[in-house]
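Novice: Line by line, the protein sequences give chains Z and D. The opening position of the first sequence corresponds to residue 1 in the numbering used here, with each subsequent residue numbered one higher. The opening position of the second sequence corresponds to residue 115 in the numbering used here, with each subsequent residue numbered one higher.
Hints are computed from structural coordinates only; laboratory data are not their basis. Quantities reported herein were computed from a predicted structural model and do not represent experimental measurements. Don't take each hint at face value.
[What the hints assert, rightly or not] Quick list of in silico lysine to aspartate or glutamate cross-link-like pairs, DMTMM-like style, CA-CA up to 25 Å: (1) Z:Lys85 - D:Asp155; (2) Z:Lys95 - Z:Glu52; (3) Z:Lys85 - D:Glu192.
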Amino acid sequence: MSVTLKTRQVGDVTIVDAAGRITLGEGSSALRDTIRDLTSKGSKKIMLNLGEISYIDSSGIGELVSSFTTVANAGGSLKLLNLTKRVQDLLQITKLYTVFEVFDDEAAALKSFS
Amino acid sequence: MVGSSSQVLSLDFRWCANILSGFARARDWAASNELNMGSFDRGSVVALDTFLESSLESVDQAEEKVSTIALSIGFPEEEVFRLGMAVREAMVNAVVHGNRYSANKRVHFVIGRSERAIEIKISDEGIGFHPEAQPDPTAQENLLRQSGRGIMLIRAFVDEFVVQPGQPGGTEVILRKVLPLEDS
Numbered sequence: 001m002s003v004t005l006k007t008r009q010v011g012d013v014t015i016v017d018a019a020g021r022i023t024l025g026e027g028s029s030a031l032r033d034t035i036r037d038l039t040s041k042g043s044k045k046i047m048l049n050l051g052e053i054s055y056i057d058s059s060g061i062g063e064l065v066s067s068f069t070t071v072a073n074a075g076g077s078l079k080l081l082n083l084t085k086r087v088q089d090l091l092q093i094t095k096l097y098t099v100f101e102v103f104d105d106e107a108a109a110l111k112s113f114s
Numbered sequence: 115m116v117g118s119s120s121q122v123l124s125l126d127f128r129w130c131a132n133i134l135s136g137f138a139r140a141r142d143w144a145a146s147n148e149l150n151m152g153s154f155d156r157g158s159v160v161a162l163d164t165f166l167e168s169s170l171e172s173v174d175q176a177e178e179k180v181s182t183i184a185l186s187i188g189f190p191e192e193e194v195f196r197l198g199m200a201v202r203e204a205m206v207n208a209v210v211h212g213n214r215y216s217a218n219k220r221v222h223f224v225i226g227r228s229e230r231a232i233e234i235k236i237s238d239e240g241i242g243f244h245p246e247a248q249p250d251p252t253a254q255e256n257l258l259r260q261s262g263r264g265i266m267l268i269r270a271f272v273d274e275f276v277v278q279p280g281q282p283g284g285t286e287v288i289l290r291k292v293l294p295l296e297d298s
């Protein structure tokens, strides 16, 4: 099983609802393509909802970082929403909690963009 | 009668030589296998010894096999998940960085098990690897690097992790995880 990515718009914030596995191969490349597509179309406020992500490996984490950088270089910001305990642990181990803004409430996350 | 005795003795000697030769072959095989087990604990028995293709499918297979055996030993689900993840990272290193997806190179994959531990040995046919030369992915200047976190995750998820030159070449890694003691 790879990853499914669905986008929705709430005001000027683009929410990407991800489900499945973000691992080396299809999953990580799908995320990369989606973020690049959004930034090329001018999206500057992107929230990545990882509530349904069951598995992410170091390549997947690398793509999160790459996505963060891509959006930042385009003058925007990418934030994370609804991390599972496993993904939280990974971000703690990799010290990436100091890089990403993480939320467990969508309303609060949306408000943070304004 | 002397001739008959000589023939009997000759036959006995040949028979003995064959037996001794067999013992020698068995001894050499045992020593070879012990060497091949690397630093596996002496209490471990080999649960799986196979060669895998250098592909992402092999990464999935390896993770699945380890998870199955770890569950049978009695590892809790969360520890099985962490171990599976560590094996996945090690396999990706072997397939992607060691063997570079080459169809001509394989990954030697061995699982050893004991009553309370599981050991996994993964060997590639690459040019070798020096973990001490890898930059620290948690250093501030490296946090936004896209890659380089695999080894760190392996170390976080297993109890022992060894990286050593493979035989005859490449890199060999050994991951070992011990069943956690039950809370008293």
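Novice: Evaluate each hint against the coordinates.
Specialist: Here is what the structure says about each hint:
1. Taking the CA atoms of Z:Lys85 and D:Asp155, the gap is about 33 Å. The hint is violated against a cut of 25 Å.
2. For a cut-off of 25 Å, the pair hint linking Z:Lys95 to Z:Glu52 stands: about 22 Å separates their Cα positions.
3. Among the hinted pairs, Z:Lys85 with D:Glu192 is consistent with the structure: their alpha-carbon atoms are about 11 Å apart, no more than 25 Å.
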